[in-house]
Each structure stands twice: as C-alpha cells, then as structure tokens.
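Asks: Below, each chain spelled out in residue letters.
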Amino acid sequence: MGSRWTWRLVALPGVVWLSVFFLLAFYVVLAVAFGNQDTLSQPVPHWNPLDWNVGYVLDTLKNFWHGGPFLKVSLRTVEFVAIAVALSLLIGYPVAYFAARHAGRWKGAILLALIVPLWINYLMRMLAWINLLAPDGIGSDVLHGLGIEKLFLTLGLLDEPGGWLNGQPTTVILALVYGYIPFFILPLFVAIDRIDRRHIEAARDLGASARSAFFRVTLPLSLPGILAGCVLIALPMFGDYYTADLVSASTQTNMIGNQIDELMRQGSEKVTGAALTLFLSLFLLGLMFYYLRTTRRAGTTAQTT
Amino acid sequence: MGHPRERTGLTRQQLLRRGAGAALAVGGAGVLAGCENTTEPIGASAAGPGGEAGKLVVAKPVGPGGLPLPRPDSAVTWAITPENQPIADGRPVERGPLSIYNYADYLDPATLKKFQKEFGASVKVATYNSADEAIAKLASGQVSFDLIMGLTGSNMVDLIARKLLKPLNHSYLPNLEKNIWPELADPFYDRGSRYTVPYVVWMDGIGWRNDKLKEDVAGMDVPWDIFWHAQAYRGKVGILDDRRDALSMPMQRDALRTGARPDLNTEDADLISKAESDLAELSGICNPKVTITDYQTLPEGKTVLHHSWSGDVLGAAFYYLPKGVKADVLSFWGPEQNGVVQNDFFCVGRTSKRQVLAHEFVNFMLDEKNAYDNFVNFTGYTPPQKGIDAEALLSQDLIPKSLEQTIVRPDQFAANQELLQLSVTGQRLWDDAWSKFKAG
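Here the protein sequences line up with chains A and B, keeping their order. Just so you know, we're using this note's numbering here: the first sequence kicks off at 1345 and counts up by one. Just so you know, we're using this note's numbering here: the second sequence kicks off at 233 and counts up by one.
Keep in mind that the hints are not guaranteed to be accurate.
Take a look, some chain B residues computed to stay more than 10 Å from chain A by CB distance [said to hold, decoys possible]:
| no. | residue |
| --- | --- |
| 1 | Gly234 |
| 2 | Gln317 |
| 3 | Pro329 |
| 4 | Pro406 |
| 5 | Ser509 |
| 6 | Phe550 |
| 7 | Lys585 |
| 8 | Val588 |
| 9 | Lys618 |
| 10 | Ala671 |
Here are the computed distance ranges between Cβ atoms for each label pair [stated by the list, open to error]:
| no. | chain 1 | residue 1 | chain 2 | residue 2 | range |
| --- | --- | --- | --- | --- | --- |
| 11 | B | Ala307 | A | Phe1408 | 57 to 63 Å |
| 12 | A | Pro1357 | B | Gly516 | 52 to 58 Å |
| 13 | A | Phe1408 | B | Arg489 | 33 to 39 Å |
| 14 | A | Leu1462 | B | Glu409 | 56 to 62 Å |
| 15 | A | Trp1361 | B | Lys555 | 47 to 53 Å |
| 16 | B | Pro324 | A | Gly1358 | 54 to 60 Å |
| 17 | A | Phe1559 | B | Tyr551 | 56 to 62 Å |
What the hints contain is simulated information worked out from the structure, not anything from laboratory work. Quick reminder that beta carbons are idealized off the backbone N, C-alpha and C, glycines included.
Between the sequences and the hints, there should be enough to build the whole structure, so can you do that?
Replies: Structure (structure tokens):
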C-alpha cells in the first residue's frame, strides 16, 4: 500500500508537467482554431466549446478537399517523410544490427559515435551542412570525387553539378535522414540487443539457414524496435520546417511545417494556422494509434510463433 | 511591408491516448451543438459605410475599428484627445533609465553610449521580433516603454486604435524640422508628425553580383525581367520572404512595361492572383529561394541575384564581406518610381514616465552626426537626413559606385510607394495568394 502511494507521488510532477504542456496547450490550439479573430487579425480564442465557431476549420478542410495549397504541401510532406523514414530504415537497420550483434568490444564506441553528434544542436549541424554543401565546400568536393554527384545527376535527383543547395528535394530528404537517424538507430539497437540469442540458436538447430533465421526470427522480433524508431523520427519530421528552410528555402520543398510557420508568423491568418496545426495533430495521433495497435499485435505474434 | 529586421526566430503513451480521446469528444460536442460558422472577423461588419447610403460615397479602404487607412492621396491627421495630451514645454529632463523597445541590432551601441553620457541617464533596450509581436505585447499591457522604434506607417491604425501612443511636443524636437527631409517631416500616415518621427528609409530593389552575372541589370528596360530570364543562375536566385514585398514585385514589373502607375496596395483579387502566378512561374525558371538572408548569401556568393531591401545590400558591403571579396562586386538597382519605399519611426509609449527624456533621445538621434554614425557604423539603413546622401558616402570612399542606389533620395522616396495596411478582406487576398505561392 505504502509503496503504491510513493510511486503515485513520484509520478505526480511528471503527470502534471505533461498535462500542462500537452493537454492545456492542445486545448489552447483548439480554442484558437474554433475561435475567431478581431479586425486587427489577432486570434480571439473561444474557450467554451459551446461557443465554438467552425468557420475557419471548415475553410481549412475545404482547402484540402478542393486540392488547394494545403493538400499540395501535405502530400509533399508525406512523400518526404516516407522516403526519409525508408532511407533511415535501410541505413539504420544494418548499423543497429551490427552494433548489437557483431560489434563485440566496439559496441560502446559505435553507440558513442551515434550519440556524440547529438551533443551539437540540430540547427548547428544543419548550418554546418550548408557550408559543406556549398559549391566550393568540402562536402561537395567529396561527393564529386566519389562519383556520388554524377550518380545523382544521372538519376535526376540533382539539377546541376554542385547544386546541392539550389532548392533540391533530395537535399532536404537527406538532411532529414541525417538529422533524425540516431533517434531511429538507438531504440532499434536496444530491441535487437534484447532478442534472446537462444531463439536464433534454436532456429539454426532446427535446420534454418542464417538467412531464414534472420527473416523468420530476428526481423519479426525486432519489429517493435523498427516501429518505435519510425514513430520517433516520423513525428518530429512531420512538424519540421527549419530543415527545408535552411538547406533549400525554395517553395518547391516547403513542408506543412513551413506553411504553419508562415501562417503564424505574418499576416492575417493565424486562426487558419491553428486549424492547420489541429489537422496535423489529428493525423499524427492517427499514426500514433496505428503504432500502438501494431506493437501490441506484434508483441502477441512474437510470443505465439 | 515586413520590416527588414523581422527575422524568422530559429532560433508518452497512455496519457497521449486519453488526451486525444478527450479532445475528440469535446470537438464532436462543439460541432453537434451547432455553433457559429463564420470567418468574418469580430466587428468587421461594423466598419465602413453600409446600406443604401453607402453607395453614395466613394469606397475607401477602412481599417480596424472603422478608422481610415492612411494613403498618400488620403493623408490622416490623428486627433489629440483631451485625456491624452502632449507634455508641456520646457519641462526638466527626467532621470533615467530610459526604456526602449526596438528590433535587435538596430541601434548603434556606441551612439547609445554617447547619449547616456550626454544626458547622464542609463538606457535599457528590450527587443521584439515582429511588429505584430510588439503591438500585441504593448496592447496587452504586459510591457511599458518610454520609446518604441522600428514600427512603420502600416502599424499606425493599430497603434492609434489600441491607444498605445503619447502625442509629441515638437518644442523638444528642433532637429526634426532642421534635418529631416520635408517629404517625411509631415508624412501622410501621421500629418503634422503628431505621434511619430521617422528613423530610417529603405527601398525594394535588385541586389546582384556583377562578377557573376553577365547581364547589365540596371541597363535593362525592365530590370525586374532579369528574374524571369535567370535560367543560367538557377538555384542562386532569391526572392524576399515577405508576402507584400514579393507579390508586389511582378506588379511593379508589369507597371514598368506599360508605363502605368500601379497600386501596390491594391485589393483587386485578379491583380493579386496574377502577381502570384507570375511569381510562381519563377519556380520553373530559376527555382528561387524565398529568404531574407541576402545580406549574407550575396557577399558569400551563395546567391548571385536577389530581390533585396536596399539597406541589406549596403549592410552586406559594410559588414558581411568574406575575406578576399571586394565591395564593388555587389550592385544594387532600385526603381526611380512606382516601386516600394518604406520608412519606420520613433514614437513615445502611452504609459511613459520619462517623456522628456524620450523626446531628448529622439532629438539626439535626429542630429546629423549621430544619425550618420548610427547608419555607417551599425545599421546600414539610411536616415532621411538632408545632409546625408550618396555623394557624401561616395566621396569618402565608403561605398563603391555600384552601390550608389542603395541610398534612397528624397525625390525617389516621393515617387515610389509604401506598402500599407489593407482592409481585412484585402489582406486576406494577399495572404491566400502568398500561401498558394509558398506551397510551391
């Protein structure tokens, strides 16, 4: 009894923190989105749900429905994030697998190498890339020297030699991958590291090849880690606006975050900005629910097979 | 319209599920209760003449609270009300500290130090990031300042409607008449300079690297056309990240072609929509960056052609040149007429307790020497002083000939237009067009 109360007490500050900074903040967004604005274009929140005005939210919905700019940036955002997450998986899984399974005494060093870049602020890392990828930057030279630039040019992923910062979707996606991939690898590493080796040994003893042991045992068991990694990086990527701003700034690479930033920063459409924020939040909540359902199901599948 | 100093600031599981459930439930209730369905701002219908009688008057744009929107052809004299009178003549100067509200890095620290020494008063400077933010904070009463600087004529209606300003007493401001251009000593947005005094001026133009561009931009019939012929500079072209400045650029281009006088404060949906599609055309031609970092990217060569504010190109030459790059590789062209000019101003806060000191500060900044130091040593934005012109700077070798046009002349200021506050519906047209453009 006593210890139960202690834990409740200990958890209280965290719960209060989350309530205030998530629920309350979210309610403010709701009240603004379902509010109105005065003639000085400042939002007038409607705190009482019974007074809610659905005009701005409906307008935003119509914008999506009629294929307006909001739909365009949203589709682009989904495309960018999907590619970036897929690339993170392709690049991150082997790293996590190697670190967990084969790194031996280098395990610590690899983990450290993953974490060290996070000591430097995200913006600083992106700003560094701007100098590296400038036409006369070291990064551009290396990419040119290694033939990567030529490959990208042939594939049509780059407009012109040295044009990495010329407003390229490729650069934005790669920057997103670079910025968020450590958050993908770390949970995945933990998931793979925790897999009981005896499962794999049993599979091999029963005649599975190394390949099929990986696909039928290791991969399914690491699925929760993959999903956790995907969710951890996809959520912030959907709201990201500074990456596209820094490495491109072209209208052709603007994401939904840029659109919200634009609405909130200047002009007369702050309420529309709140409505758009609301739609983004709902979309992300949907993703979150999907994740929770899948992990629960993945957990039971792994146990029964 | 946006002030050049308005820079972008870049600077759980169970609970989440429950929270979302609650929010959805509440949202559903709101819709079910059959609430309002409007995007008409509160009080908008009250503004402007309505009904049958309304048809008898020429419609003029009306701003918040039904106050007239100042226009060059429709100047506004703001009333001085009995409860808000200017201070009397000849009052002693108060002791400090003087509190100033300003954009960051928009006042020379050395000039400020000189003021403090001269008046034996300390000065505290707080900063804001956008005019919207400044006005919202001032109006909320959270903050109180003796002096506010950096706001523009398009903020005037807000400042008056929200009762944020104290009227000025010109007997404390002899430098106003002595030094400031007549064009701005009695501006249309505040006839008689009853509440404001100009600080600096700038204009929209084209900044480019004359060592990287083969075209003679300034020599073109319609220099704005360069953006639509910039295929060779794809990815190294920039457009100002400001809705009004950017969208008015194709309007200026059209006007320069036809010789007509454009209305850069238009509320005509077709004109605004055309400007948007003209601007969107650029994506295919040169995929422009939409930024206000030209003061860095031009000298660094990361961009070679930019839609720029004059002061930023001058600032680039003054402070941002990398080693080995000379100022004379930078060029600037600004239109003689029908383009965009802007100015910002000083004003005294309604709740100021040190009004005499605030007046003294304004007068100090209007002194030619102080204004010059603040301009050349720090801001890069030209004060509208009779004694400061391009020739003076050229003769001192402070700027190369290629940047002569960054210094706005009084006659040029008068022949160009300011981007001004629009009516609520007009503003929304520009905002929607901008949203469309930014979506790519």
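Asks: Hint by hint, say whether it matches the structure.
Replies: Hint check results:
1. Gly234: B:Gly234 is in fact no farther than 10 Å from some Cβ atom of chain A, at 6 Å.
2. Gln317: The claim holds: B:Gln317 sits with its nearest Cβ about 25 Å from chain A, beyond 10 Å.
3. Pro329: holds, 30 Å
4. Pro406: holds, 35 Å
5. Ser509: Holds, because the least Cβ-Cβ distance between B:Ser509 and chain A comes to about 13 Å, which exceeds 10 Å.
6. Phe550: Holds, since 22 Å exceeds 10 Å.
7. Lys585: holds, 27 Å
8. Val588: holds, 31 Å
9. Lys618: Holds, since 34 Å exceeds 10 Å.
10. Ala671: B:Ala671 not clear of chain A: closest Cβ-Cβ about 3 Å, inside 10 Å.
11. B:Ala307 to A:Phe1408: 57 to 63 Å: violated, 44 Å
12. A:Pro1357 to B:Gly516: 52 to 58 Å: Because 55 Å falls inside the window, the suggested range holds.
13. A:Phe1408 to B:Arg489: 33 to 39 Å: Distance hint for A:Phe1408, B:Arg489 holds at roughly 37 Å.
14. A:Leu1462 to B:Glu409: 56 to 62 Å: holds, 59 Å
15. A:Trp1361 to B:Lys555: 47 to 53 Å: Distance hint for A:Trp1361, B:Lys555 holds at roughly 49 Å.
16. B:Pro324 to A:Gly1358: 54 to 60 Å: Since B:Pro324 and A:Gly1358 have Cβ atoms about 57 Å apart, the given range 54 to 60 Å holds.
17. A:Phe1559 to B:Tyr551: 56 to 62 Å: holds, 60 Å
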